[in-house]
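Student: Sequence:
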Amino acid sequence: MPSASPSTDFNLQPLAFIDLETTGLRTTKDRITEIAIIRYQNGQELDRWSQLINPKMKIPEQIQHLTGIHQAMVDNAPEFKEVIDIVRGKLQGFTLVAHNARFDYGFLRNEFNRVNEQLHCQVLCTVKLSRRLFPKQQKHNLDALLAAANIPSENRHRAMSDTQALVGWFNSLPERVSIESINDGADQVMRQQALPSHIDPGQIMDIPDTAGVYLFYGENELPLYVGKSVTLRSRIRSHFYDDRHSNKEMQLLQQVRHIEYRSTAGELGALLLEASLVKQLCPVFNRQLRKKQQLVSLQWNGSIAQTPQVVDACRLNFHQCEQFYGLFRNKRDADQTLRKLSEEFRLCLKKLGLEKGKGACFGSQIDRCDGVCAGKEDEEIYLQRQHDVLNRIRLNAWPYPGALVIEEIAKAPYIGFDGKNYQSDFLLFDNWRYLGRFNSLEQAKTTYGDKQISDSLPAFDRDIYKILISQLKKQGEHLHLIPLEA
Numbered sequence: 004m005p006s007a008s009p010s011t012d013f014n015l016q017p018l019a020f021i022d023l024e025t026t027g028l029r030t031t032k033d034r035i036t037e038i039a040i041i042r043y044q045n046g047q048e049l050d051r052w053s054q055l056i057n058p059k060m061k062i063p064e065q066i067q068h069l070t071g072i073h074q075a076m077v078d079n080a081p082e083f084k085e086v087i088d089i090v091r092g093k094l095q096g097f098t099l100v101a102h103n104a105r106f107d108y109g110f111l112r113n114e115f116n117r118v119n120e121q122l123h124c125q126v127l128c129t130v131k132l133s134r135r136l137f138p139k140q141q142k143h144n145l146d147a148l149l150a151a152a153n154i155p156s157e158n159r160h161r162a163m164s165d166t167q168a169l170v171g172w173f174n175s176l177p178e179r180v181s182i183e184s185i186n187d188g189a190d191q192v193m194r195q196q197a198l199p200s201h202i203d204p205g206q207i208m209d210i211p212d213t214a215g216v217y218l219f220y221g222e223n224e225l226p227l228y229v230g231k232s233v234t235l236r237s238r239i240r241s242h243f244y245d246d247r248h249s250n251k252e253m254q255l256l257q258q259v260r261h262i263e264y265r266s267t268a269g270e271l272g273a274l275l276l277e278a279s280l281v282k283q284l285c286p287v288f289n290r291q292l293r294k295k296q297q298l299v300s301l302q303w304n305g306s307i308a309q310t311p312q313v314v315d316a317c318r319l320n321f322h323q324c325e326q327f328y329g330l331f332r333n334k335r336d337a338d339q340t341l342r343k344l345s346e347e348f349r350l351c352l353k354k355l356g357l358e359k360g361k362g363a364c365f366g367s368q369i370d371r372c373d374g375v376c377a378g379k380e381d382e383e384i385y386l387q388r389q390h391d392v393l394n395r396i397r398l399n400a401w402p403y404p405g406a407l408v409i410e411e412i413a414k415a416p417y418i419g420f421d422g423k424n425y426q427s428d429f430l431l432f433d434n435w436r437y438l439g440r441f442n443s444l445e446q447a448k449t450t451y452g453d454k455q456i457s458d459s460l461p462a463f464d465r466d467i468y469k470i471l472i473s474q475l476k477k478q479g480e481h482l483h484l485i486p487l488e489a
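Its first residue numbered 4, the sequence shown is counted upward by one per residue in the working numbering.
To be clear, the hints were calculated from the coordinates, so they are not data collected in a lab. Keep in mind that a hint or two might mislead.
Lysine-lysine pairs mimicking DSS-like chemistry, simulated, CA-CA at most 25 Å apart [said to hold, decoys possible]:
#	residue 1	residue 2
1	Lys414	Lys379
2	Lys343	Lys359
3	Lys32	Lys251
4	Lys379	Lys361
5	Lys251	Lys59
Simulated DEER-style distance windows between Cβ atoms [what the hints assert, rightly or not]:
#	residue 1	residue 2	range
6	Asn399	Gln141	17 to 27 Å
7	His261	Gly171	52 to 62 Å
8	Ala415	Gln74	54 to 64 Å
9	His261	Pro404	13 to 23 Å
10	Arg238	Arg332	27 to 37 Å
11	Ile307	Lys343	54 to 64 Å
12	Val287	Ile154	20 to 30 Å
13	Lys59	Lys476	26 to 36 Å
14	Gly439	Arg238	19 to 29 Å
15	Ile89	Gln141	51 to 61 Å
16	Glu383	Ser241	37 to 47 Å
17	Pro404	Phe348	34 to 44 Å
18	Gly171	Gly439	54 to 64 Å
What you are looking at is a predicted structure, and each value in this text was computed from that prediction instead of being measured. We put the CB at the ideal spot given by N, CA and C, even for glycine.
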């Protein structure tokens with residue numbers, strides 16, 4: 004006989020309690036092996052339904068051991084697409100209630116996507132509801148919730164058993180907290196359903212919607228991800244809205260435990276701070292910007308008698324940059340670039356330093372070189388052609404006699420390093436190297452005047468170079484360039 008639920012306003016709503024068993028945690032690659040739904044309406048159990056599902060893939064041994072669902076049990080079961088009409092009918096008009104609802108809802112939406120359909124439900128996550136109702140409780144996994152409510156749990160990790168346990172916990176709430184607290188808690192959780200279970204919605208609201216960098220941390224303060232935006236709060240929230248994330252994104256979101264942010268005056272400061280923090284913290288989910296690379300460049304004095312030479316790029320003098328071409332991870336990459344240019348523009352392999360010895364280069368012999376090495380092309384004409392081609396990858400010279408301060412002006416005052424409000428960042432550069440961010444022009448000048456800093460620049464960083472080149476091309480009213488004397 005269907006059981007009655009205590010009469011709270013929220014419990015009178017149509018609720019569909021659900022649990023899934025799956026082949027793994029990857030919502031876009033793993034598949035559902037079992038589904039259970041118990042529906043309540045007007046405080047009464049309406050019906051219950053469960054079904055084994057053929058995932059059309061092998062269930063890993065450890066998952067079989069955990070759930071008790073073995074391959075033979077699902078091989079002859081219906082595929083999800085065969086029961087999709089039942090699932091749709093069960094959920095239509097009902098609020099989906101699940102423990103760690105992002106997981107279940109994400110799997111369901113991906114199953115619907117596979118048949119070119121969409122699933123949209125109101126969702127209530129009981130992990131988040133528990134955190135809101137019982138903030139002093141240390142753990143909020145299902146076993147911890149059942150233990151706190153003195154509810155026995157049997158046959159855990161089977162869909163119907165876990166769904167029944169979840170219903171039991173939910174129905175126990177009016178005995179432990181007020182009906183008003185349940186209603187308010189459920190309302191707040193559903194409003195913030197897109198946020199991770201471990202993140203306080205109030206923390207997100209406290210983040211300004213201005214420029215800066217945000218940091219996602221996991222357990223034990225493990226840096227997971229560093230990102231930047233000119234609208235911090237909106238960007239952070241956007242991470243959590245789409246349930247159809249890639250596997251990598253889902254792994255990130257499931258591990259986030261808290262979020263930090265650091266404000267900047269604008270986009271340039273945010274880009275520079277992001278690049279610096281990624282190299283400093285080496286976050287798990289950042290790949291670009293992370294490595295401090297030992298780069299090389301090609302040096303060529305423009306003479307027909309000299310071939311381009313590979314040199315260390317980390318200590319280049321960019322005041323003499325007309326002699327330097329390209330940035331590469333190693334000599335092999337530099338040679339590959341030269342070889343591609345020779346093939347595309349019929350340049351001489353010997354004049355590029357890619358071949359040695361006497362006589363014509365191999366390219367000339369197979370008609371891929373115009374023959375300067377064999378006396379078939381005038382040297383002056385060839386020299387001009389090689390200049391024109393290499394200029395495509397020539398590095399930009401540092402255009403100032405000394406350092407440059409860029410004042411980046413914020414659209415509105417922001418909170419700086421010391422907790423005070425500021426309108427601008429003062430960003431110090433020399434020879435394409437980034438020397439730091441300051442709250443005033445005087446601080447930047449003092450730092451540059453320090454002999455220890457000005458005589459010992461940091462190593463060249465390709466990411467900083469690319470950021471600064473790009474931003475200087477944009478310029479605008481928000482960037483004020485202030486050259487300093489050498």
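Student: Does Lys361 lie within 25 Å of Lys379 when you go C-alpha to C-alpha?
Tutor: holds (15 Å)
Student: In this structure, is the beta-carbon distance linking Arg238 and Arg332 contained in 27 to 37 Å?
Tutor: holds (30 Å)
Student: Starting from the range 26 to 36 Å, see whether the pair Lys59 and Lys476 falls in it by beta-carbon distance.
Tutor: violated (51 Å)
Student: Are the Cα positions of Lys251 and Lys59 separated by 25 Å at most?
Tutor: holds (23 Å)
Student: Mind checking the hinted window 34 to 44 Å against the Cβ distance between Pro404 and Phe348?
Tutor: holds (35 Å)
Student: Just tell me: holds or violated, for the beta carbon distance of Gly171 and Gly439 against 54 to 64 Å?
Tutor: holds (58 Å)
Student: Does 54 to 64 Å hold as the CB distance between Ala415 and Gln74, or does it fail?
Tutor: For Gln74 against Ala415, whose Cβ atoms are near 60 Å apart, the range 54 to 64 Å holds.
Student: Indicate whether the distance between the beta carbons of Asn399 and Gln141 respects the range 17 to 27 Å.
Tutor: About 56 Å separates the Cβ atoms of Asn399 and Gln141, which means 17 to 27 Å is violated.
Student: Take the C-beta atom of Ile89 and the C-beta atom of Gln141, compute their distance, and say whether it sits inside 51 to 61 Å.
Tutor: Violated, since Ile89 and Gln141 (Cβ atoms, about 39 Å apart) do not stay within the stated range.
Student: Could one say that the CB atoms of His261 and Gly171 fall in the range 52 to 62 Å?
Tutor: violated (31 Å)
Student: Determine whether the Cβ-Cβ distance between His261 and Pro404 falls within the hinted range of 13 to 23 Å.
Tutor: The hint (13 to 23 Å, Cβ to Cβ) is violated, given that His261 and Pro404 are roughly 46 Å apart.
Student: Hey, Lys343 versus Lys359, does the alpha-carbon distance stay inside 25 Å?
Tutor: holds (18 Å)
Comparing the model with each numbered hint stated earlier shows that hints 1, 6, 7, 9, 11, 12, 13, 15, 16 do not hold.
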